[in-house]
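J.: So this note's numbering is basically just the index in the first sequence, starting at one, shifted up by 3.
Hints listed in this document are in silico derivations from the structure and should not be mistaken for laboratory results.
Please read all numbers here as calculations on a predicted model, not as lab measurements.
Ideal Cβ placement from N, Cα and C applies to all residues, glycine included.
Misleading hints may appear alongside valid ones.
Okay, derived cross-link-like pairs now, DSS-like style, lysine-lysine, Cα gap no bigger than 30 angstroms in a straight line [as the list claims (entries may be wrong)]:
#1 Lys96 x Lys56
#2 Lys19 x Lys52
#3 Lys19 x Lys56
What follows is a list of derived Cβ distance ranges for each label pair [to be verified]:
#4 Gly73 x Met24: 11 to 21 angstroms
#5 Val70 x Asn92: 16 to 26 angstroms
#6 His120 x Gly50: 42 to 52 angstroms
#7 Lys119 x Ala35: 32 to 42 angstroms
#8 Pro68 x Val41: 15 to 25 angstroms
#9 Ser44 x Val70: 20 to 30 angstroms
#10 Gly103 x Asn36: 17 to 27 angstroms
#11 Trp90 x Gly50: 38 to 48 angstroms
#12 Lys119 x Ser48: 35 to 45 angstroms
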Amino acid sequence: MDRNMCNSQQEVDVRKGPWTMEEDLILINYIANHGEGVWNSLARSAGLKRTGKSCRLRWLNYLRPDVRRGNITAEEQLIIMELHAKWGNRWSKIAKHLPGRTDNEIKNYWRTRIQKHIKQADQNGTSTTAQICNSNISDHNHMIIKYHDQASTSHMCSSCPPPPHNQPFDQTTYSPPTYPGNLDNLQAISFPADQSNDNMWSMEDIWSVQMLNAE
DNA sequence: AAGCAGATCAACCGCTCCACC
DNA sequence: AGGTGGAGCGGTTGATCTGCT
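Produce the complete structure using the sequences and hints provided.
T.: Here it is in structure tokens:
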């Protein structure tokens, strides 16, 4: 009984849900002064009513200064698809090849954009392998992806140059994006350009306040 | 303008792995 | 060798946004 009360009291003390700007600032300031460390004790020391896990996630996915916000570019999209073909849902591994992108972001992107189109295409046609053709990388408006019937013809579109990998993607070990069976049947899909995602407060806001606090 | 449905994404949850004792 | 705690990962949820009627 007492234990239950104690637990529920602890649960009340742990905040969940969206982070406030104040919490963000506390976390940023603390890490700026003390560095990343043991997250549970960091959360306690910083005076945040959050779990270490929550702090870690917030820092890695949002607050780190090197996190890139905004649209996934066509180049990044290609890399994601290639590496997903290679490794499957190893999001953190894929994220390592996309500097500034987080595993969470890539995972969400895959599930909400790419997988959706694959499912839709699944209902339309048949094919077993993928061919990726970046139709208009320069304006980043649309990207066409084609899946062909023959495994042997799975390769980058011959009329297109290889993707301009400016990331540490290892082209020497590059293998064509042959998709596993459950990704069959995609014939041609196009993605509209991403919308910019405005947050309640921008990272520029946070970092400008952080600079002021640091002075 | 209001209501609804689908899309998006931040955050949480549960699990596994690994290092340390 | 086994236990424990922290870190990291992938899956899922739920709030919010957006576009359509």
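J.: So, for every hint listed, does it hold in this structure?
T.: Hint check:
1. Lys96 x Lys56: Holds, because 20 angstroms separates the two Cα atoms, which is no more than 30 angstroms.
2. Lys19 x Lys52: Given pair lysine 19, lysine 52 holds - Cα atoms ~9 angstroms apart, limit 30 angstroms.
3. Lys19 x Lys56: Holds - the C-alpha atoms of lysine 56 and lysine 19 are around 11 angstroms apart, at most 30 angstroms.
4. Gly73 x Met24: 11 to 21 angstroms: Because 20 angstroms falls inside the window, the suggested range holds.
5. Val70 x Asn92: 16 to 26 angstroms: 21 angstroms, holds
6. His120 x Gly50: 42 to 52 angstroms: Distance hint for histidine 120, glycine 50 holds at roughly 45 angstroms.
7. Lys119 x Ala35: 32 to 42 angstroms: Because 39 angstroms falls inside the window, the suggested range holds.
8. Pro68 x Val41: 15 to 25 angstroms: Holds, at about 21 angstroms.
9. Ser44 x Val70: 20 to 30 angstroms: Roughly 24 angstroms apart at Cβ, these two residues keep to the hinted range, so it holds.
10. Gly103 x Asn36: 17 to 27 angstroms: 24 angstroms, holds
11. Trp90 x Gly50: 38 to 48 angstroms: 39 angstroms, holds
12. Lys119 x Ser48: 35 to 45 angstroms: With Cβ atoms ~42 angstroms apart, the hint holds.
In terms of the numbered hints stated before, the structure departs from none.
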